[in-house]
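Listed here are the chains, written in short residue letters.
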Amino acid sequence: MELNQLTIHELQEKIKNGQTSATQIVESVFSRIGVVEERVHSYIRLMKDQALSAAKKADEDIKIGAIKPLTGIPLALKDIVCTKGIPTTCGSHILHNFVPPYDATVVEKLRDAGAVFVGKANMDEFAMGSSTETSWFGVTRNPWDLERIPGGSSGGSATAVAADECIASIGSDTGGSIRQPAALCGVVGLKPTYGRVSRFGLIAFASSLDQIGPFTKDVEDCAIMMNVLAGYDPRESTSVQAEVPDYRQFVGKDITGWKIGIPKEYFIEGIDPEVAASVKKAIAVIEKCGGQCVDISLPHTEYCLAVYYIIAPAEASSNLARYDGVKYGLRTSEARDLLDMYKKTRTQGFGNEVKRRIMIGTYALSSGYYDAYYKKASQVRALIKQDFAEAFKKCDVILTPTTPTPAFKIGEKMDNPLQMYLSDLFTISSNLAGIPGISVPCGFTAAGLPVGVQFLAGHFEEGKLIQIASAYEKNANLAKRRPQL
Amino acid sequence: MISKQEVEYVAHLARLEIDDAQKDKFTSQLNDILLYIDKLNELDTTGVEPMSHAIAVTNAFREDRIMDSLGTEKSLANAPDGRGEFFRVPKVIE
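First to last, the protein sequences are chains A and B. For what it's worth, the working numbering labels the leading residue of the first sequence as 1, then goes sequentially. For what it's worth, the working numbering labels the leading residue of the second sequence as 486, then goes sequentially.
Hints in this document: simulated from the structure, not taken from any laboratory. Note that beta-carbon positions come from the ideal geometry of N, C-alpha and C, so glycine has one too. Worth double-checking, as some hints may not be accurate.
What the hints assert, rightly or not - Computed spacing ranges between beta-carbons, pair by pair:
#1 D61/A with P575/B: 50 to 56 Å
#2 Y494/B with K84/A: 38 to 44 Å
#3 A66/A with A562/B: 14 to 20 Å
#4 V577/B with S366/A: 23 to 29 Å
#5 A562/B with G65/A: 37 to 43 Å
#6 K84/A with V542/B: 23 to 29 Å
#7 A479/A with V542/B: 42 to 48 Å
What the hints assert, rightly or not - Quick list of in silico lysine to any residue cross-link-like pairs, SDA-like style, CA-CA up to 20 Å:
#8 K489/B with R356/A
#9 K343/A with I540/B
#10 K327/A with T543/B
#11 K510/B with R356/A
#12 K327/A with V577/B
#13 K524/B with E265/A
#14 K16/A with A113/A
#15 K576/B with E334/A
#16 K343/A with R322/A
#17 K84/A with K524/B
#18 K343/A with V574/B
#19 K524/B with Q514/B
#20 K343/A with P565/B
#21 K57/A with V99/A
#22 K84/A with P565/B
#23 K68/A with D112/A
#24 K385/A with I540/B
#25 K375/A with K524/B
#26 K84/A with E60/A
#27 K413/A with K510/B
#28 K375/A with K264/A
#29 K385/A with V574/B
#30 K327/A with D103/A
#31 K48/A with E60/A
#32 K109/A with E243/A
#33 K413/A with Q514/B
#34 K264/A with E302/A
#35 K524/B with L418/A
#36 K559/B with T543/B
#37 K327/A with S560/B
#38 K264/A with P299/A
#39 K489/B with Y369/A
#40 K489/B with N352/A
Sequences are here, hints too, so could you generate the full structure?
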């Protein structure tokens, strides 16, 4: 096994035993990048020099026994989290030259924990997309089939982990942007509870839905990452002052007697039969682990997508008003006056999907339409949250497919926004309700495409997700496969 | 239904320019999306309190004391046209 193929906890063992060094690990990762990056395109920007000097520093720490939770571990960062002195583009032309003067809180935390940053991962422009095709920097390809999309919007963060171009990575999830690409690329992805991880330094898309979370090669690594990421941040007014447990204690714990809710609305016609079959097998594994499945109903499920496609664009249209060519980013060179400068800058700087969402959001918030759209959506959102509150009276955790289908072909849905939106059908509800969700690999289709199973729990119950995901992972006995690149 | 004129007006509100070909495409795509969204009207939401945040957080206050800020130089470092202590923009008044 190459070092780049190992997990965080495996590498930590090797580091502690003196079997490897941070420099060797980061060199192994960059040698892998040299072989596969041209075909996969996980990254917008590599940070090789910084990574090598961070690894050197990590080796000095290791020498004096100062080993922290992520010492010497190479990570990728979605290019939506601000990195001081390193361009942060959000996948957009309008921010192609933006160099943040500060680090996001998560970047500070990861660096303080000893992590080594490999690069900034590719993403759909402003995280608006489900396929990483809307990036201004070109598409990212699925390592399991280069003709297919990796999912999105955190596509590069998912492929970098799946293709061993890093050990773990950071993504953000507004409607499924961590869990959906995790499922389609065969890795673990967790969206924490809204407020669990600080959004300070995360470029805003839809502020009431956005949340940062990890991509990892297994569930134990997910727990290790969450131990570093979670916690209150005085710089972020929606981050919550709730106690953060040691997530690693949930790894390997028994789930006997747990009630697992199976929502009938998530097992509908239209799901790919191979996805349905894999998820059914996952249910059987959970029952073998001592979980007891109960039928539940989330009656407002069919309205989630409609609610999301009002709330997210409305918040986005407001958040993206700041890109006006004045303070940072692109400015057009051909403006007659100030208004013309705003319009031309934004027209040249944003791609079509971003424009479409700004337009929907502006329309929904415009005079005379607010009650019909935004207010109505916010009311239905309350009903959706209530559905989950009722469901969690009957079960500990909810189990669903992560996505309705495996990865689709590049270009297949670019001209049909609604079809594209449907791939987030099963992930959006938890953003609306603010609850945490994890996607764990649960097998492959006959064509060799990964499938994911999703677990959802109540607010601040990430520990339960790690417990059931780890029990599943241990008992599923899935064949170890790696993409052939 | 949203008309082509409304699409033009919304684009203006959003400070975007769209050409004729795009106007047609956007009008039809936005109509598809709005038609889908109409689904929400199947539900009676009379008396349901609109939800604005997933977690019950009210205003987060901190003590009113001076903390470090970015400073002029760093604030202007990314400006497309920064002069001295100012962001320069094209003329506003004729």
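These are the hints, each one checked on the structure:
1. As the Cβ distance of D61/A to P575/B is approximately 51 Å, the hint placing it in 50 to 56 Å holds.
2. Distance hint for Y494/B and K84/A: a CB-CB separation of about 41 Å, consistent with the stated range 38 to 44 Å.
3. Distance hint check: the CB atoms of A66/A and A562/B are about 34 Å apart, inconsistent with the given range 14 to 20 Å.
4. The supplied range of 23 to 29 Å is met by V577/B and S366/A, whose beta-carbon atoms lie about 24 Å from each other.
5. For the pair A562/B and G65/A, the supplied restraint of 37 to 43 Å holds, since their beta-carbon distance comes to about 39 Å.
6. About 28 Å separates the C-beta atoms of K84/A and V542/B, a value consistent with the hinted range of 23 to 29 Å.
7. Distance hint check for A479/A and V542/B: the Cβ-Cβ separation is about 45 Å, which falls inside the suggested range of 42 to 48 Å.
8. For the given pair, K489/B sits about 14 Å from R356/A by alpha-carbon distance, which is consistent with the 20 Å threshold.
9. Distance restraint check for K343/A and I540/B: the Cα-Cα separation of roughly 36 Å exceeds the 20 Å cut-off, and the hinted pair is therefore not satisfied.
10. Simply put, K327/A and T543/B have alpha-carbon atoms about 31 Å apart, too far for the 20 Å limit, and the pair is violated.
11. Proposed proximity of K510/B and R356/A is supported: the alpha carbons are some 10 Å apart, at most 20 Å.
12. The straight-line distance between the Cα atoms of K327/A and V577/B is roughly 16 Å, inside the 20 Å bound, and the hint therefore holds.
13. Proposed proximity of K524/B and E265/A is supported: the alpha carbons are some 17 Å apart, at most 20 Å.
14. Restraint check for K16/A and A113/A: the C-alpha separation of about 15 Å stays at or below 20 Å, so the hint holds.
15. The hinted pair formed by K576/B and E334/A meets the criterion: a straight-line CA distance of about 13 Å does not exceed 20 Å.
16. In summary, the hint linking K343/A to R322/A is supported, as the alpha carbons are separated by about 12 Å, within the 20 Å threshold.
17. About 44 Å separates the Cα atoms of K84/A and K524/B, which puts this hinted pair outside 20 Å; it is violated.
18. At most 20 Å may separate the alpha-carbon atoms for a hinted pair to count; K343/A and V574/B meet this at roughly 13 Å.
19. Under the criterion of a C-alpha separation no larger than 20 Å, the hint pairing K524/B with Q514/B is consistent with the structure, at around 17 Å.
20. The straight-line distance between the Cα atoms of K343/A and P565/B is roughly 16 Å, inside the 20 Å bound, and the hint therefore holds.
21. With a C-alpha separation of about 24 Å, the suggested pairing of K57/A with V99/A is violated against the 20 Å cut-off.
22. Taking the CA atoms of K84/A and P565/B, the gap is near 19 Å; set against the 20 Å cutoff, the hint holds.
23. The straight-line distance between the Cα atoms of K68/A and D112/A is roughly 8 Å, inside the 20 Å bound, and the hint therefore holds.
24. Of the pairs offered as hints, the one joining K385/A and I540/B holds, with about 10 Å between alpha carbons and a cut-off of 20 Å not exceeded.
25. Restraint check for K375/A and K524/B: the C-alpha separation of about 14 Å stays at or below 20 Å, so the hint holds.
26. As the CA atoms of K84/A and E60/A are separated by approximately 23 Å, the hinted pair breaks the 20 Å bound.
27. Pair hint K413/A plus K510/B holds up; C-alpha atoms about 15 Å apart against a cutoff of 20 Å.
28. A threshold of 20 Å between alpha carbons decides the hint, and for K375/A with K264/A the separation of about 28 Å lies outside it, so the pair is violated.
29. Taking the CA atoms of K385/A and V574/B, the gap is about 45 Å. The hint is violated against a cut of 20 Å.
30. Using a Cα cut-off of 20 Å, the hinted pair K327/A and D103/A holds, with the two alpha carbons roughly 18 Å apart.
31. About 19 Å separates the Cα atoms of K48/A and E60/A, which keeps this hinted pair within 20 Å; it holds.
32. Proximity of K109/A to E243/A is assessed by CA-CA distance (about 17 Å); at most 20 Å being required, the pair is judged to hold.
33. Only pairs whose Cα atoms come within 20 Å are accepted, and K413/A paired with Q514/B is accepted, the gap being roughly 13 Å.
34. The suggested pairing of K264/A with E302/A holds, with an alpha-carbon distance near 12 Å, which does not exceed 20 Å.
35. This hinted pair checks out: K524/B and L418/A have alpha carbons roughly 14 Å apart, not beyond 20 Å.
36. At most 20 Å may separate the alpha-carbon atoms for a hinted pair to count; K559/B and T543/B exceed this at roughly 32 Å.
37. With a CA separation close to 8 Å, the supplied pair K327/A and S560/B stays within the 20 Å bound.
38. For the proposed pair K264/A and P299/A, the alpha carbon gap of about 9 Å is at most 20 Å, so the pair holds.
39. Pair hint K489/B plus Y369/A holds up; C-alpha atoms about 17 Å apart against a cutoff of 20 Å.
40. At roughly 17 Å between alpha-carbon atoms, K489/B and N352/A fall within 20 Å of each other, so this suggested pair holds.
Checked against the numbered hints above, the structure violates hints 3, 9, 10, 17, 21, 26, 28, 29, 36; every other hint is satisfied.
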